[in-house]
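Protein chains in written order, with my numbering: chain A, 1015 to 1261; chain B, 1015 to 1261; chain C, 1015 to 1261; chain D, 1015 to 1261.
It should be emphasised that the hints constitute simulated quantities derived from the structure, not laboratory data. Treat the hints with caution; some may be incorrect.
Same chains, same names: a pair is fine if it fits in one copy or spans any two.
The list that follows gives simulated cross-link-like pairs (lysine-lysine, DSSO-like), each with its CA atoms no further than 27 Å apart [as the list claims (entries may be wrong)]: (1) K1025 <-> K1142; (2) K1074 <-> K1142; (3) K1074 <-> K1251; (4) K1251 <-> K1142; (5) K1074 <-> K1025.
Number of protein chains: 4
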Amino acid sequence: MNLVRETNGIKFFDDMSVSLVECMGGDWKVCAAAKVSTDPVAVREMLEAEEREGAYGLIKYLARQRHGSPFEHTVFTFHATVPIVVVREWERHRIASYSEESGRYHKLQPHFYLPPRHRPLIPAPGYKSARPQFVQASDYEYYETIDSLSRTAVAGWMEYEQLMEQNIALEVARMNLPLHTYVSLWCTMNLRSLFNYLSLRTHEPEAMHVSFPMWEIEQAARAIEGIVTEHCPLSIKAWNEAGRIAV
Amino acid sequence: MNLVRETNGIKFFDDMSVSLVECMGGDWKVCAAAKVSTDPVAVREMLEAEEREGAYGLIKYLARQRHGSPFEHTVFTFHATVPIVVVREWERHRIASYSEESGRYHKLQPHFYLPPRHRPLIPAPGYKSARPQFVQASDYEYYETIDSLSRTAVAGWMEYEQLMEQNIALEVARMNLPLHTYVSLWCTMNLRSLFNYLSLRTHEPEAMHVSFPMWEIEQAARAIEGIVTEHCPLSIKAWNEAGRIAV
Amino acid sequence: MNLVRETNGIKFFDDMSVSLVECMGGDWKVCAAAKVSTDPVAVREMLEAEEREGAYGLIKYLARQRHGSPFEHTVFTFHATVPIVVVREWERHRIASYSEESGRYHKLQPHFYLPPRHRPLIPAPGYKSARPQFVQASDYEYYETIDSLSRTAVAGWMEYEQLMEQNIALEVARMNLPLHTYVSLWCTMNLRSLFNYLSLRTHEPEAMHVSFPMWEIEQAARAIEGIVTEHCPLSIKAWNEAGRIAV
Amino acid sequence: MNLVRETNGIKFFDDMSVSLVECMGGDWKVCAAAKVSTDPVAVREMLEAEEREGAYGLIKYLARQRHGSPFEHTVFTFHATVPIVVVREWERHRIASYSEESGRYHKLQPHFYLPPRHRPLIPAPGYKSARPQFVQASDYEYYETIDSLSRTAVAGWMEYEQLMEQNIALEVARMNLPLHTYVSLWCTMNLRSLFNYLSLRTHEPEAMHVSFPMWEIEQAARAIEGIVTEHCPLSIKAWNEAGRIAV
Chain A
1015 MNLVRETNGI KFFDDMSVSL VECMGGDWKV CAAAKVSTDP VAVREMLEAE EREGAYGLIK
1075 YLARQRHGSP FEHTVFTFHA TVPIVVVREW ERHRIASYSE ESGRYHKLQP HFYLPPRHRP
1135 LIPAPGYKSA RPQFVQASDY EYYETIDSLS RTAVAGWMEY EQLMEQNIAL EVARMNLPLH
1195 TYVSLWCTMN LRSLFNYLSL RTHEPEAMHV SFPMWEIEQA ARAIEGIVTE HCPLSIKAWN
1255 EAGRIAV
Chain B
1015 MNLVRETNGI KFFDDMSVSL VECMGGDWKV CAAAKVSTDP VAVREMLEAE EREGAYGLIK
1075 YLARQRHGSP FEHTVFTFHA TVPIVVVREW ERHRIASYSE ESGRYHKLQP HFYLPPRHRP
1135 LIPAPGYKSA RPQFVQASDY EYYETIDSLS RTAVAGWMEY EQLMEQNIAL EVARMNLPLH
1195 TYVSLWCTMN LRSLFNYLSL RTHEPEAMHV SFPMWEIEQA ARAIEGIVTE HCPLSIKAWN
1255 EAGRIAV
Chain C
1015 MNLVRETNGI KFFDDMSVSL VECMGGDWKV CAAAKVSTDP VAVREMLEAE EREGAYGLIK
1075 YLARQRHGSP FEHTVFTFHA TVPIVVVREW ERHRIASYSE ESGRYHKLQP HFYLPPRHRP
1135 LIPAPGYKSA RPQFVQASDY EYYETIDSLS RTAVAGWMEY EQLMEQNIAL EVARMNLPLH
1195 TYVSLWCTMN LRSLFNYLSL RTHEPEAMHV SFPMWEIEQA ARAIEGIVTE HCPLSIKAWN
1255 EAGRIAV
Chain D
1015 MNLVRETNGI KFFDDMSVSL VECMGGDWKV CAAAKVSTDP VAVREMLEAE EREGAYGLIK
1075 YLARQRHGSP FEHTVFTFHA TVPIVVVREW ERHRIASYSE ESGRYHKLQP HFYLPPRHRP
1135 LIPAPGYKSA RPQFVQASDY EYYETIDSLS RTAVAGWMEY EQLMEQNIAL EVARMNLPLH
1195 TYVSLWCTMN LRSLFNYLSL RTHEPEAMHV SFPMWEIEQA ARAIEGIVTE HCPLSIKAWN
1255 EAGRIAV
């Protein structure tokens, strides 16, 4: 992660960390699962093949016709370190499994998020809350923002530590921490659920349904999209051509 | 809600607010759903009866034998106002529907939680993080705690407002807010999922599997249990006798 | 249900029976749930209003922008009597609760489905299995079909009864029954999940994504759509205008 | 699969076929996911270790305390060929992904199930439908049963083929097939959901909650339990010691 400030052991980063723990399946498995419906021989051959491959035409058909089930047998586990404000939106996705760093059982780290300079901060002209879009802040506005967030982090962390020194329950002391505190989590999600996640958490003007996610969760989602693309290039291509909809 | 402090328009409360928006079903529907399996005539009669009632023997059998499905057709919608630290645990329950106050689209209220005097704050002798239990704090410890949480709330709120005055995106300004900020949400959950929720979010020494929830979420869970008991007394009784397990 | 044949107590019907057991919510609740995000006062006013109403503009925005959560707090319980071949497809919808007539605990009824005369039975010219469409059968083809299904039903039912007379386990004896045997079930599904169900189980040439469901499940789905339309006319209208997609 | 009869190309088998397509995770991943909560360093070390291992003490604690989430990141895909009567019960488990052989798009195989000689067929003395248990049939009863099921299969298959010869829609012709027709499916399920599945679909007198599944689905479940045990021996052992409950 990208360290941008440090004060008395309190560290500030300006990015989201997302990495792959493990995955199973891939384009070949999407195809094989589709063939379970109609062609048992093809399934057996795919399972026995030395090199397994998926066929783009079939995947495209599945994505376009919203045959979602075959995408569900390909599953990813991600390890992410993101601010709580991002976790809050992420964990609203219910077709997924989560294990998250606990503020009840464990002292959190003094790690906080600060928006990078290029993060648009100012409501765009004609701003509508229904479709929130932002433009670049001035230097003044930007530094006011990150100084504000830094002050809150330092003050909250000191209160947190002080209560811990007095032996107050971790689960209460942590209430002093602000929403840009980083926590780590594991998320296991199948490819169909990922399509829905990526559809809602990325802003893509060409998508059939354009979403307006918070900038920070989009950074996490783009990192995920990169990992998924590496492992399932045909599925991601087909999903893009089908308008990035949930299938 | 119970106001305990107020400073410059910033309000502190020490409780959880939970109320019923609407529910459907009840003990009679648990029984009728069970009879769908075996006795179509009984189902029709229950639907046509002027006063619908459930039978305790049948419900007890369902709870004890873990026949969970009949409990799923009884559904509650709750309106709750609780600190974010509680929402974070609550929304991990995935067999439920949530609509939550948005910090992206809307300015939050200057309302913060402070633990009441009787909230145990100090790790119990022989404390194990696997089974976290706490005892009463001294007056000194208690006031240190709530003063600390008050300072963080006031400082965070002022930073939040200041960034808003400078027209910074709400979704960034809110990162200044701490985890004891209140938000409102609606939660719709069926009776089977509620059994699981209540099983994990209440501490009941007599339960077959004893849980060690955070004190604050237990307050919310107890309020929910009260509402559910009013509407489904036989189901809650049977579930208690079956050891308060998830069915 | 519409009785079309009867032989030795064995009855044949040509339709799907779907009725409402109970529902909660409606258009007003979709709106109120949306306002939980941004306008606590509006929510309280809607809950306290003598006559609750929903606003079409808001619902249309939710449907078009795929804000699905507010639709989840409106929930229906249906009672249906349909052939097993329909249940098999229906129960693949996982965001729902099911209680179904049991062939293990209970003797089923001698009730079987026969397609009505207007059910298209012959693959359309240029038939593709990816988009199965059918045209009307001749009288000869039609009567061959229903005579075939009648013979199977009568033979299977007699085998079923004979095994029962010999005290063979119900759960084994029932294996003699064919897929057009009727069973009853309760299904509880929220409005968001219903949108997905209706989207996949109705054929609507104007829909954004055209589905090609089995004719029989479409009959059930159309009955459900009628009931939902009666209770949530604005939501169904908005969903239609948004292309009948899953939100 | 075990062929026991054959007539005019129609084949009868007396078993369930279940094999592993692919899995990810294992005992080590259960432990690593648990440590996400409390020990980020341990997680990193486990991911980087050359040979990954899980620790029994930790897994036992998780199973006994019903900390279910860490078990969700270990996921299996099974390929099964089982009669429709078994699929019907299996697919009621909703925390899973299914792809199933289609009777709409594809001609099914003339493969049918017959109970093996040791399958108990006669209600046990003192039989209660709430806890169905059976004892061995006499030779006479057994052969009456499988002859009955054979006749139904042959008759239904001939009707099926005849309608197909007349170009009747596959989706209608298949209604002639009985519930012991075999179909293939893929099922992807995580380890936590598998615990629930195995808990309900096996009869284990020592379990904390004793289930009374249909004999045939227990055969499938036992095959699955064998595969899971091979890949996650510590988790299965801990789950057994915890009473085989859903966690």
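Tell me, in ascending order, the numbers of any earlier hints that this structure violates. Failing hints, ascending: 1, 5.
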